[in-house]
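Q: Listed below, chain by chain, are the residues.
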Amino acid sequence: QKVSVEVLDHLEHLALVDFRDLEGVERLQKAIQFADQLHEVNTDGVEPMDSVLEDRCLYLREDDVTEGNCTKQLLENAREKVEEYFVAPPGNIPLPKLEEREAFLQGS
Amino acid sequence: AALKDGLRSQVSAALKEGRVTPTELCQRCLALIKSTKFLNAYITVAEETALKQAEESEERYKRGQPLGILDGIPIAVKDNFNTAGIETTCASNMLKGYISPYNATVVQKLLDRGSVLLGKTNLDEFAMGSGSTDGVFGPVRNPWSYSKQYKEKSVPKSPSEDEESNWVITGGSSGGSAAAVSSFTCFAALGSDTGGSTRNPAAHCGVVGLKPTYGLISRHGLIPLVNSMDVPGILTRCVDDAAVLLGSLAGHDPKDSTTIQDDFQPFELPNLTDVSKLSIGIPKEYHAPGLSSEILALWSKAADLFKNAGAKVVEVSLPHTRYSIVCYHVLCTAEVASNMARFDGLEYGHRSDVRDSTESMYAATRREGFNDVVRGRILSGNYFLLKQNYEKYFVKAQKVRRLIANDFVKVFRSGVDVLLTPTTLSDAAPYMEFIQEDNRTRSAQDDILTQAANMAGLPAINVPTALSERGLPVGLQFIGRSFQEKQLLTVAKWFEKQVQFPVIQLEEVKRHDNGVFQHQKSASFS
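Chains E and A, in that order, give the protein sequences.
Residue numbers for the first sequence follow the UniProt record's numbering, so the first one is 1 and each next one is one higher.
Residue numbers for the second sequence follow the UniProt record's numbering, so the first one is 1 and each next one is one higher.
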């Protein structure tokens, strides 16, 4: 069962990372094949495990402000900023559809 | 003081008595870093700040008020820990030039105790890998490649082949840290361990690598790979030193809510002489396909060592061992897909010049910033998290995780104190051979013996055991009960004393060490 081009395209949109070449797609195929071995294990009646510390209470501290005021420091690492804002290009513009993109997947 | 000394036994005493000063120690380490540059163990050397820290330490010693055993001790930190004012890259283009605005908790703790931070060590990009070969700054070379022990045993296959092409990998992903400790450029180093990333390079570089229990040491400031499995790792030249580091780092951190709130008491390791009350478990599934006959023999000898000393040695079974690597593969890629989402170029790190839209900028930034390995894991992870796959893969893997963790619970409940297993399938591979297979295949092969401890959150330690026929280090792993580091390290220390692992003989170190050479102790295992 090969992964369909629709799913590959969907993954590229979700991850915002591209497959780039045939090797990238092959890599995913092999990863899925590898993961399929999980289905050999009988997990009837077994609860999923989120954390090895599931028997303990998570630490919750008081909802008080104890640190902050480091705007200047944090902005130092951003490449594009205006006053105290991180500047992003215009949003709400979806990535071009597969047919319109110069994606590698076009050739698939 | 010889650079080879353990913290507790010699260096600390030497500093206290003024036989060596922190600045001298720091300068010697910095000089050695320079002369071992070909190892590529360090990404950033923080020379100025290190010397400043050393000077401050010296002042404290002069006043007779050292902060403790770690005061003035040079250490190195893997480059996926945040260090204030020092570049933190994770060996990736995504974070080149990123100067952390804060110290990871473990880094802060070391600095608060007077440690001298020499620099940031090399790794696989974002700690993904088992060779320390896939970072943007190039691979790390195993110092043992240049040891007398390895050179004596290696026969060039052709007249044109020289030392340059023969070097072996450090293992990974904390290869830089392991190489730094192994080549005496620092006394201890921090690594991280998600699937074996501290223990694997420790085994290949002949140093002690400790993976603490999940929840014991704070992950605040450690750039996350798999939040439910990551732990900071400790690399040192002897077990006692690992206990010292552990004592300084363990304990609840309000900034990391996954650290347990129990009081942690630092401990000194007793010198165990009587092992008759000990029960050592030998999990039969760790006789994995591909395990070299050499390591199998060593493992067997180690079991006999315990038996002959009076300990109870029993074969045990961890039936789901062989699924641990598949389980890890799914859970790791899923968590990675989530954790890597923060790298979008907006607040920090690399940012692409593309500016048509937010999404296209994000996509381009990530295309430019991540290597194939990282991108591959993100895409796989997203696949497993798709609505149609979530139950089938992610939840399924979580269920298998429980089965793996339960295997350990059953074995420890049956009276076994500590498990003894190999750490790696073989000694370090030559770089040219290692890169023949891709990262995922390699990781799947190399993590097989170390991964399950991360699944179950258990403490585990690699103890250098003997040299292989090729003259390279081989280590064995001890896995302990949750939060029972004292027992685990006590057993490890006893074992370390029995095997007397040889000191690496490096030309570079010879030149820098003014002290008389320690008499060569041969490993009682070879």
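No lab work stands behind these hints: they were computed from the structure.
Don't take every hint at face value.
[Stated by the list, open to error] Using 25 angstroms as the maximum straight-line C-alpha spacing, the simulated DSS-like pairs for lysine-lysine come out as follows: (1) A:K284 / A:K255; (2) E:K30 / A:K399; (3) E:K72 / A:K410; (4) A:K312 / A:K148; (5) A:K96 / A:K148; (6) A:K34 / A:K52; (7) A:K96 / E:K30; (8) A:K392 / E:K2; (9) A:K387 / E:K97; (10) A:K277 / A:K410; (11) A:K34 / A:K277; (12) E:K30 / A:K277; (13) A:K62 / A:K312; (14) A:K52 / A:K62; (15) A:K96 / E:K81; (16) E:K2 / A:K387; (17) A:K410 / A:K497; (18) A:K312 / A:K497; (19) A:K96 / A:K62; (20) E:K72 / E:K30; (21) A:K486 / E:K72; (22) A:K312 / A:K301; (23) A:K312 / A:K387; (24) A:K307 / A:K255; (25) A:K37 / A:K16; (26) A:K255 / A:K277; (27) A:K486 / A:K399.
[Stated by the list, open to error] Covered stretches of chain E, as calculated for chain A (at least 3 residues, CB under 8 angstroms): (28) 7 to 16; (29) 42 to 55; (30) 60 to 70.
Bear in mind that the values here come from a model prediction, so they are computed numbers and not experimental data.
All C-beta atoms in this analysis are idealised placements derived from N, C-alpha and C, irrespective of residue type, glycine included.
Q: Can you confirm whether the C-alpha distance between K30 of chain E and K277 of chain A stays at or below 25 angstroms?
A: violated (47 angstroms)
Q: Are the Cα atoms of K312 of chain A and K497 of chain A separated by 25 angstroms or less?
A: Within the cut-off at roughly 19 angstroms; holds.
Q: Please work out if K96 of chain A and K81 of chain E have their alpha carbons no farther apart than 25 angstroms.
A: holds (19 angstroms)
Q: Could you grab the alpha-carbon distance between K486 of chain A and K399 of chain A and see if it respects the 25 angstroms cut-off?
A: violated (30 angstroms)
Q: Sort out whether K16 of chain A lies within 25 angstroms of K37 of chain A, counting only the CA atoms.
A: Since the Cα atoms of K37 of chain A and K16 of chain A sit roughly 31 angstroms apart, the hinted pair is violated (cutoff 25 angstroms).
Q: Has the given pair, K312 of chain A with K301 of chain A, been kept, meaning a C-alpha gap of at most 25 angstroms?
A: Answer holds: K312 of chain A to K301 of chain A is near 15 angstroms, not above 25 angstroms.
Q: So if I understand the rule, the pair passes when the alpha-carbon distance is 25 angstroms or less; does K387 of chain A with K97 of chain E pass?
A: Answer holds: K387 of chain A to K97 of chain E is near 21 angstroms, not above 25 angstroms.
Q: Could you grab the alpha-carbon distance between K312 of chain A and K387 of chain A and see if it respects the 25 angstroms cut-off?
A: Roughly 49 angstroms between the alpha carbons, so the hint for K312 of chain A and K387 of chain A is violated.
Q: Would the pair K34 of chain A and K277 of chain A pass a check requiring their Cα atoms to be no farther apart than 25 angstroms?
A: violated (48 angstroms)
Q: Checking one constraint from the list: CA of K255 of chain A to CA of K277 of chain A, max 25 angstroms. Satisfied?
A: violated (40 angstroms)
Q: Decide if the proposed pair is consistent with the structure: K277 of chain A and K410 of chain A, CA atoms, cutoff 25 angstroms inclusive.
A: holds (20 angstroms)
Q: Does K312 of chain A sit within 25 angstroms of K62 of chain A, going by the straight-line distance between their CA atoms?
A: violated (50 angstroms)
Checked against the numbered hints listed earlier, the structure breaks hints 1, 3, 4, 5, 7, 11, 12, 13, 17, 19, 20, 21, 23, 24, 25, 26, 27; every other hint is satisfied.
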